[in-house]
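Read off the chains here:
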Amino acid sequence: MLYVELIAQGLIQGSIYALIALGLTLVYGLLRILHVAHAAFFTLGGYVGVMVANQTGSLAAAIVAAMIVAGIGGILVFRLCYQPILHQPPFVPLIASIGLYIAAEELFRIVFGPSGLTYKYAFLQGQVIAFGSLRFKEAEIAVMLGSAAIIGVLSLLQTRTRIGVACQATVSDPQMAESFGISLRKVGDINFFVGSALAAFAGVMVSVLNNMVEPTMGSVPSYKALAIIVLGGLGSVRGTLVAALVLGVVESFGTIYLGHFLDRNAIAFAFLILVLMWRPQGLFARS
Amino acid sequence: MNYKSLAIAATAAFAVQFGVPAWAQVKIGINVPLTGFAAADGKSALDGAKLAVADANAKGGINGEKIELVIYDDQASPKEAAPAATKLIEKDKVVAGVSGSYSASTRAAAPLFQAAKVPYVVAYSIHPDVTLAGDYVFRTATMGEVQGRAGAKLASDLGKKNVVLITLKNDFGQALAAGFKEAAPKFGVKIINEYEYGMPDRQFGALISKVKSDNPDLLYASGYYFTAGPLVNQLRAAGVSVPVIGQEGYDSEKFIEIAGAASEGTLVTTSLDRDSNSPVTQAFLKEFRAAYNYGADMVGASTFTATAIAIEGLKKTGGKGGEALKKAIEGGSFSTPIGKLSFNDLHEVKKDVQVQVVKGKAFHRHSVISDPVLLAPPTKAK
Amino acid sequence: MEYEISLATTMAISVLFALSLNLITGFCGQISLGHAAFLGVGAYASGMLAKAGVPFLLTLPLAMLLSGALGIVVGFASLRVRADFLAITTMGVGFLFVGIVRQQDALGGEMGISAIPDTGMSKLAFMLLAVAMAAAAGLLSTYVRRCWMGRVFAAIAEDEDTVRVMGIDVPRFKLTAFALGTALAGLAGGLYAQHLKFIAPDSFGFIESITVLSMVVVGGIGSVVGVSVSAAVLSVLPSWFQVIGDYKLLVYGGLLFLMMRFSPGGMAALVARIFHPDRWGSK
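Protein chains in written order, with our numbering: chain A, 1 to 287; chain B, 1001 to 1382; chain C, 2001 to 2283.
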């Protein structure tokens, strides 16, 4: 039973990772940049979520607001920050992105204070009892179901709508897609909007889980999400999903059974290095 | 509210808004983490230090000279703390230093103050090496190991025998765990298991699943309010209802805010007793809230204390630093918000450990652990 | 003067450290997000040896040796994975280093090592030693770039596959770059440990790796002078920024971003643009 519980906890953590890493994959697939500042939208989502929820008393309103604000922020970052330096060598956008993330984290601290904010209302704090003895927080169930639903809808949109197909085409061959009249900028807008909105959704869910947003909440996702998309094979959506869930479970078991030898980050990266030495292109290489 | 505390609060508020007046004469330096991961504690610490300075200035400063607090951010990192300390000593020529920071940065700064013979009063870093830097370094905090021993005694006072340790992986958590493990056998407390977690961790699902299967009757969990808040909240949500003992790091209103209803009943070993009947403590709590509009925590109280002790010493020497100030602090006895303090030969304080419990969304007195042998701070001999 | 001496020492160590990464990333094009691990290896080696009674000056070559040896091991990873995969792998190496050191009681664990014995040198002499080492690293860099090896490095950075096709033993050159760069980082680490007299795992983490990479990129990747100047300036920026207190990291992050956004070639390119505007006219 303990193992079942550990797997379940790993999957919960994994779905949070997945939500954050998906946006990163979308960006990488299209632009080939490691978008470290992506984690800032996770934090932004948390802050917008808490503020809207405390004003309106509605978690749904908080989620929608957070996703829209972050989505628009994502488009702005794409247009103002990345587009002008896309033709530069890869470390240029990488360092720009790191600078952006540091500045964003500081901005959160200066504007909202260093000790973070909490929810005034208790959302999803009840308990759900499943399979006899397993107990979850409502928020944990919501994270799992929510991410499954969102990812499901996204993959439907991607295959069933014109714009979704256009996005996929651009990711697999930008030049070819452009010659078919697809606007790179429009696809970029969409990818950044969707990716940042997903991160914001994750931010709201995590802030509900912990009843806390803090300026530094994005610092772990900022690098761990990178590890996940590399593990998944850089740019592969399916690979990212699998890698996120696998990493969640590895960490779940690792913190219990390896905790005395390595910390959580080191476990995650030891796993990453092992996989990369075995498969240098990640779990699911792009075709 | 009487007029005196109103005046003090007003002065404090003034000082906070407009910084330090230009005609200041006696300089005290402080290193605090204002940016980076420890910024929240840094703010609390700085607020405490500023209040102590404002208090003293409102009462006429030192021989009529105003006290200026020179503030440097050290990001709680040794790399930033070393130049900050050198600058305080050499450029600003401070007569005394205060550490409102964590152990790593304080350990880097302490030898520099020692070498320059500038007395350095450390508020809340708990690492043993701090006072080993030399005789110009003083500490007002109870060392981590000592607090850990008090934790073990508390466990046995509660009649609990089977304990699981949840240890934060940094020097603070390690020191607490070491003290707890050392004292546990003496009280017949059995440690069934120990788990470790890192500073950035906020999700404890896996760890809690395992704790449940261990079935302990008490948890001794080290951490700061930003890790302990989510931890206690998640523990209760997962149906773990045994008592949790925390420490100084929990000691902040934010802990209660984050953990919400789950925080009720959490025990904390700390140095600030909210229900103390000491007028100094009560005046401090009141002034702090009036000046900053939030309740003082352990960090704020300790840094206030450290700063106030430096000021008291300076009053005795008439503003002179160096050896005279060292001797004044060494020989003095100080009434502070965290109790009556005097320093031993290693410049550590001996004080009781306050056990606070969360009741009705606030910290209240649970008990006091005073066991001179168990809580003895290290001395030079050791 | 002591404050200035201390700052100058910090600057010199940072220049040395940044130049060491410049050898790997700037010259040979192998991006590393975990370079601080080697600073850490050097610092721990030198600190532990000094505590065991080894004279300070002797600890430095030993620190370089150990750091360089581990560098070669990591270099093997660069033979297996490339570009962004390599960046993330080296980042993993950094996290692994910190994670492992944290758990070693022999290395002081979380508590780190303090009270590293005095070098016996005056602060001024120590500063001069650090400056001399940084200058030597600068000269070495300039020499490497000009010799045959440096040209191969540049070619690998430009287009590895073509170099391979030309029959050049690419792995050997990559490993050489890693060995050289990490050994120099180990030297910087040894000086760092002796300068601060206190080291802890967190001082060699991801943030430090990012900081040194920023120094290299802001200076102008591959430019010895640019990297030296940017490392010297960026290393003491936080101390100077005490004036703007609360906003210093905001300004730091903002500057980093603006530099990349408006002058991706770093300071070297910025200077070139100011003094030779015609070269940019046609762009």
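Any given hint could be a false lead.
To be verified - Here are the computed distance ranges between Cβ atoms for each label pair:
| id | chain 1 | residue 1 | chain 2 | residue 2 | range |
| --- | --- | --- | --- | --- | --- |
| 1 | A | A130 | B | R1365 | 53 to 63 Å |
| 2 | A | I110 | B | R1365 | 30 to 40 Å |
| 3 | A | A61 | C | R2080 | 45 to 55 Å |
| 4 | C | R2080 | A | Y257 | 57 to 67 Å |
| 5 | C | L2237 | A | I110 | 11 to 21 Å |
| 6 | C | R2080 | B | D1157 | 30 to 40 Å |
| 7 | C | M2121 | B | Q1282 | 19 to 29 Å |
| 8 | B | V1368 | C | A2052 | 39 to 49 Å |
| 9 | A | Y121 | B | N1215 | 26 to 36 Å |
| 10 | C | M2121 | B | N1215 | 54 to 64 Å |
| 11 | A | M51 | C | P2055 | 22 to 32 Å |
| 12 | C | E2158 | A | L86 | 56 to 66 Å |
| 13 | A | R162 | C | R2146 | 50 to 60 Å |
| 14 | C | P2055 | A | I110 | 42 to 52 Å |
What the hints assert, rightly or not - The list that follows gives simulated cross-link-like pairs (lysine to any residue, SDA-like), each with its CA atoms no further than 20 Å apart:
| id | chain 1 | residue 1 | chain 2 | residue 2 |
| --- | --- | --- | --- | --- |
| 15 | A | K120 | B | L1375 |
| 16 | B | K1212 | A | K120 |
| 17 | B | K1212 | A | I7 |
To be clear, the hints were calculated from the coordinates, so they are not data collected in a lab. For glycine and all other residues, C-beta sits at the position ideal for the given N, C-alpha and C.
Here is what the structure says about each hint:
The hint said 53 to 63 Å for the Cβ distance between A130 of chain A and R1365 of chain B, and at roughly 41 Å that hint is violated. Distance hint for I110 of chain A and R1365 of chain B: a CB-CB separation of about 37 Å, consistent with the stated range 30 to 40 Å. Separated by about 49 Å at the C-beta atoms, A61 of chain A and R2080 of chain C satisfy the suggested range of 45 to 55 Å. At roughly 28 Å, the beta-carbon separation of R2080 of chain C and Y257 of chain A lies outside the given 57 to 67 Å, and the hint is violated.
For the pair L2237 of chain C and I110 of chain A, the supplied restraint of 11 to 21 Å holds, since their beta-carbon distance comes to about 18 Å. Separation of R2080 of chain C from D1157 of chain B is about 58 Å and departs from the stated range, judged on CB atoms against 30 to 40 Å. Remark: the range hint 19 to 29 Å for M2121 of chain C to Q1282 of chain B is contradicted by a beta-carbon distance near 53 Å. For the hinted restraint 39 to 49 Å between V1368 of chain B and A2052 of chain C, the CB-CB distance of approximately 45 Å keeps it satisfied.
Look at Y121 of chain A against N1215 of chain B: about 33 Å separates their beta carbons, and that is inside 26 to 36 Å. Range check, M2121 of chain C to N1215 of chain B: about 58 Å between beta-carbon atoms, so the 54 to 64 Å window is met. Between M51 of chain A and P2055 of chain C the C-beta distance comes to about 60 Å, which lies outside the given range of 22 to 32 Å. Range check, E2158 of chain C to L86 of chain A: Cβ separation about 19 Å, and the 56 to 66 Å hint is violated.
The given range of 50 to 60 Å is respected by R162 of chain A and R2146 of chain C, whose C-beta atoms sit roughly 56 Å from each other. For the pair P2055 of chain C and I110 of chain A, the beta carbons lie near 48 Å from each other, so the given range of 42 to 52 Å is met. Of the pairs offered as hints, the one joining K120 of chain A and L1375 of chain B is violated, with about 40 Å between alpha carbons and a cut-off of 20 Å exceeded. Distance restraint check for K1212 of chain B and K120 of chain A: the Cα-Cα separation of roughly 29 Å exceeds the 20 Å cut-off, and the hinted pair is therefore not satisfied.
Between the alpha carbons of K1212 of chain B and I7 of chain A the distance comes to roughly 15 Å, so the proposed pair stays at or under 20 Å and holds.
Of the numbered hints given earlier, the model fails hints 1, 4, 6, 7, 11, 12, 15, 16; all others are met.
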